[in-house]
Amino acid sequence: MAQTSILLTGATGYIGGSVLSTLLSSTNVQIKACKLSAIVRKQSQADLLKEKGVNAIVFDGLDDLETLRKIASEHDIVINIAITYHTASAEALLRGVDDRQKKTSKLGHLIQTSGTSSIADKPLSGAYVESAVFSDKSDIYAYERYRQSLEVYPQRTSDLLICEQGEAAGIKTYVIMPPTIYGEGTGLFNRRSIQINTMMRAAMKDGYASRVGTGEAEWDHVHVVDLAKFYELMVARILAGDDLESNLKGIYFCQSGHQSWREVSDRIAEVGHSLGYLKSYTVRQITLQQASKKFGDGLPAEIMEAAFASRARSRADRAHELGWRPTKTRKDFEDGFADDWRAVANEA
0 MAQTSILLTG ATGYIGGSVL STLLSSTNVQ IKACKLSAIV RKQSQADLLK EKGVNAIVFD
60 GLDDLETLRK IASEHDIVIN IAITYHTASA EALLRGVDDR QKKTSKLGHL IQTSGTSSIA
120 DKPLSGAYVE SAVFSDKSDI YAYERYRQSL EVYPQRTSDL LICEQGEAAG IKTYVIMPPT
180 IYGEGTGLFN RRSIQINTMM RAAMKDGYAS RVGTGEAEWD HVHVVDLAKF YELMVARILA
240 GDDLESNLKG IYFCQSGHQS WREVSDRIAE VGHSLGYLKS YTVRQITLQQ ASKKFGDGLP
300 AEIMEAAFAS RARSRADRAH ELGWRPTKTR KDFEDGFADD WRAVANEA
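With numbering that gives the first Met the number 0 as the guide, the letters of the sequence shown map in order to residues 0 to 347.
Heads up, some of the hints might be wrong.
[Said to hold, decoys possible] Beta-carbon label-pair distances, calculated as ranges:
(1) L106 - S43: 28 to 38 Å
(2) G297 - A87: 40 to 50 Å
(3) K105 - S24: 19 to 29 Å
(4) Q289 - A126: 38 to 48 Å
(5) V28 - E346: 33 to 43 Å
(6) Y145 - K31: 24 to 34 Å
(7) G275 - V132: 51 to 61 Å
(8) A126 - G297: 34 to 44 Å
(9) K105 - S43: 27 to 37 Å
(10) Q289 - S134: 48 to 58 Å
[Claimed, not checked] Derived pair list, reagent style PhoX-like, types lysine-lysine, alpha-carbon separation capped at 20 Å:
(11) K69 - K102
(12) K278 - K228
(13) K34 - K228
(14) K204 - K278
(15) K31 - K49
(16) K34 - K136
(17) K293 - K327
(18) K69 - K31
(19) K69 - K101
(20) K248 - K31
(21) K34 - K51
(22) K136 - K248
Worth flagging that the hints you see were computed from the coordinates, not collected in a lab.
Quick reminder that beta carbons are idealized off the backbone N, C-alpha and C, glycines included.
Sequences and hints are given; from them, build the entire structure.
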């Protein structure tokens, strides 16, 4: 029987690196028997991954769509953890999985990474206000399609494409939608979070912490190690031949707690001040336009609202039914601010 092959994108990133290391150290017999491949942009990255037993493939980048499709067509399972809103690359990978399925008559699988900003509201601009806590057992696809009809959001575009075109092609697609991710990663390259650390870098530069608007809106959170274990669980279930919910029904949440943006900014200020990185524990309220400059390097205000000022509450009911058991606690989330501050300070 041919060895099952798994391709992973984003292996040098925070999430992707942690997922790859989790798969490499997995005790699951079927995962251990798989051939793991990863695509990277630099030969030095490929050399390091090869030392760990990974089949590392150097490519030009996500816009190299033909190469992506070809590489994907050589693998049974593709895990896409690259830029979530790069829809063209997601489609190329899906097409590659479809090509392989047609060639081998073996069911193809694509795990697509998204995020709960796809279901986030827009309270500051007033474009959309949402109070629900969504379960991944409800029809999240229909909700995303509805929200997309009101306003196009690039990451949601990728979600919908993967769900719909996977359904049409007869391949199995799964969209994993994590919330705010925290904690130190386990990969070989980038090991730090994006959202919280971005706010810390701005505070380090300004000398004070900022919050977008009042900060009352709430998001969920998950430790990167727990998140990586969910990817491992999904791969294990696929290899076992389990009939997982997929395509239009295949959107999975993976939260383990929640927090408000006010709490995040307050903790950034308090911990940054206590560690001597900030002169004051003051938090200043800023606008979306100011956030675009401070947090987003000029990204549009609508992106800033979704990422740093919106409400996005979810419940990982389906993930728990599959056997996902996050181990990190509220204390881990709170203690993580000091670790993140030290990491940000070391970058300076």
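We went through each hint and held it up to the structure:
1. A C-beta distance of roughly 36 Å is found between L106 and S43, which places it inside the suggested range of 28 to 38 Å.
2. A hinted range of 40 to 50 Å is violated for the C-beta pair G297 and A87, which are about 22 Å apart.
3. Between K105 and S24 the CB atoms are about 27 Å apart, so this pair conforms to the stated range of 19 to 29 Å.
4. Checked against the hint of 38 to 48 Å, the C-beta distance between Q289 and A126 comes to roughly 19 Å, which is inconsistent with it.
5. Between V28 and E346 the beta carbons are some 40 Å apart, a value that agrees with the proposed interval 33 to 43 Å.
6. Separation of Y145 from K31 is about 42 Å and departs from the stated range, judged on CB atoms against 24 to 34 Å.
7. At roughly 38 Å, the beta carbons of G275 and V132 sit outside the given window of 51 to 61 Å.
8. The given range of 34 to 44 Å is broken by A126 and G297, whose C-beta atoms sit roughly 20 Å from each other.
9. Between K105 and S43, the C-beta spacing of about 34 Å keeps the proposed range 27 to 37 Å intact.
10. In this structure, Q289 and S134 break the distance hint of 48 to 58 Å, their C-beta atoms being roughly 35 Å apart.
11. A distance of roughly 13 Å separates the Cα atoms of K69 and K102; the hinted pair therefore holds under the 20 Å criterion.
12. A C-alpha spacing of about 39 Å is found between K278 and K228, which places the hinted pair above 20 Å, so the restraint is violated.
13. Taken as a hint, the K34 and K228 pair is honoured in the structure, with Cα atoms around 19 Å apart against an allowance of 20 Å.
14. A C-alpha spacing of about 12 Å is found between K204 and K278, which places the hinted pair at or below 20 Å, so the restraint holds.
15. Simply put, K31 and K49 have alpha-carbon atoms about 16 Å apart, close enough for the 20 Å limit, and the pair holds.
16. In summary, the hint linking K34 to K136 is not supported, as the alpha carbons are separated by about 32 Å, beyond the 20 Å threshold.
17. Taking the CA atoms of K293 and K327, the gap is near 30 Å; set against the 20 Å cutoff, the hint is violated.
18. Of the pairs offered as hints, the one joining K69 and K31 is violated, with about 25 Å between alpha carbons and a cut-off of 20 Å exceeded.
19. With a CA separation close to 13 Å, the supplied pair K69 and K101 stays within the 20 Å bound.
20. Of the supplied pair hints, the one linking K248 and K31 is violated, its CA atoms being roughly 29 Å apart against a limit of 20 Å.
21. Pair hint K34 plus K51 holds up; C-alpha atoms about 12 Å apart against a cutoff of 20 Å.
22. For the suggested pair K136 and K248, the alpha carbons sit about 8 Å apart, so the restraint of at most 20 Å is met.
The structure does not agree with the numbered hints 2, 4, 6, 7, 8, 10, 12, 16, 17, 18 and 20 stated previously, though it agrees with the rest.
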